[in-house]
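Here the protein sequences come in this chain order: S and R.
First residue of the first sequence: 13, per this note's numbering; consecutive thereafter.
First residue of the second sequence: 23, per this note's numbering; consecutive thereafter.
Worth flagging that the hints you see were computed from the coordinates, not collected in a lab.
Remember, predicted model here, so these are calculated numbers, not experimental data.
Keep in mind that the hints are not guaranteed to be accurate.
List time: in silico BS3-like cross-link candidates among lysine-lysine, alpha-carbon distance up to 30 Å [what the hints assert, rightly or not]: (1) Lys-71(S) with Lys-28(R); (2) Lys-28(R) with Lys-55(S); (3) Lys-55(S) with Lys-71(S).
One letter stands for each residue in the lines below.
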Amino acid sequence: MQVPAPIEYERATSVEHAVALRSELGDEARFIAGGHSLLPMMKLRLANPTHLIDINDLKELFYIREADSEVRIGAMARHRDLLDSELLARHFPIFRDAERVIADPTVRNRGTLGGSLCQADPSEDLSAVCTALDASCVITSSDGQRVVPMHAFHVGPYETAVANNEMLTEIRIPLRPGGGSAYQKVERRAGDWAVVSAGAAVWMDAGTIVDGRVGLAAVGPDTTSIQPVAEALAGAAPTEDLYQRVGEIAASNCSPETDGRGTAAYKTHLVAELTRRALRTAVARAQRQEV
Amino acid sequence: MQVNMKVNGAEVSEEIEPRHLLVHFIRDQLGLTGTHWGCDTSNCGTCVVLIDGEPVKSCTQLAAMAGGHDVTTVEGLEVDGVLDPVQEGFMQCHGLQCGFCTPGMMLTARALLNADPDPSEDVIREAISGQICRCTGYSTIVRSIQWAANHETSVSLESAS
């Protein structure tokens, strides 16, 4: 039987209350949102918090809305909300692509965007999605808020820029003209962690890619944002040659390991192929050839 | 710590350890052993219960997190001796063999039919895709849920809401 080690449990009633509890309870206190990453890690003693601060009552963090040329998503938006959101599907179809293949409907009823990003698991899909979209994270403490871009949010595997007296409260994604995005994932069975995932987002003007990003999951500690890919995409014409080249760049900038999900060679092959497919679809969507 | 919640319509108030998982609270403390405990890793879905009407894997929730919420277990499907159409459907269409996955399957089916009274086969298969059955090959489970959709009564809709 797997049960977590003894803990103390607190329930936060507001963001203010949550960050106050976090400061007061010390380094080994953790927020619990959906719990579908944290509780399994606690059962395995990979995470050993002394206190859990339940933030599921923070209704003020459950939104997805458009404001000031951004889409703003509360940290407690659940996978199911992200999947169902017409606003996200219209502006950032990469979300629906990814959410369809994250875990299963029952798990998606609980897991949250904020929880996924804070877990900072290199195999987790939404970090690649948010990085491809050039999102930023609003981090709140009792002193106020600061905004951190996705590439600076992840400090390393399972480590984020969120300090012990802070809380991730919102994710902001800029709305820019001519955008298109897509997500590709290969998994061993429905709902599993990725063997490899690749997300792509492009912004186009007059048939040219003005800006583009590719984020990868499950192929190394730091692959949500690959700078040489962004450099190759900026100002390029969307051709098969370009997709080929960017796929190769992505493949040479990741560090997959051989494990039960596949060999390093197979995963590297997948990175190149999934990057090409995601880019192809993202460009087609940007050109409004499909929705 | 003290936890208060509604389980199958009745208020319960119990002393628990904060680390106690909801599945063990339901089975061991409340004695409602209809909720099964399977993989313990949120993969198999036999421990699914409804929290405020939504299917949730109770092996991956703390009992404390359910405090203040409405929990429905398989025992809550039957009301005053009348089976829920989902239960009836599983009988009519052989929706179970060993029965281990059945409580979770039936609760997910109930939540699905509350949201979508006439789901397509694809929608049904997607809804139960986080739950594993090693006997039926799923076809009879899908048929059972379709049977229930075709035999919904006002009683079942009321009791589940």
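For each hint, the structure was consulted:
1. Lys-71(S) with Lys-28(R): 21 Å, holds
2. Lys-28(R) with Lys-55(S): Cα-Cα ~26 Å, so holds.
3. Lys-55(S) with Lys-71(S): Status holds; Cα separation ~28 Å.
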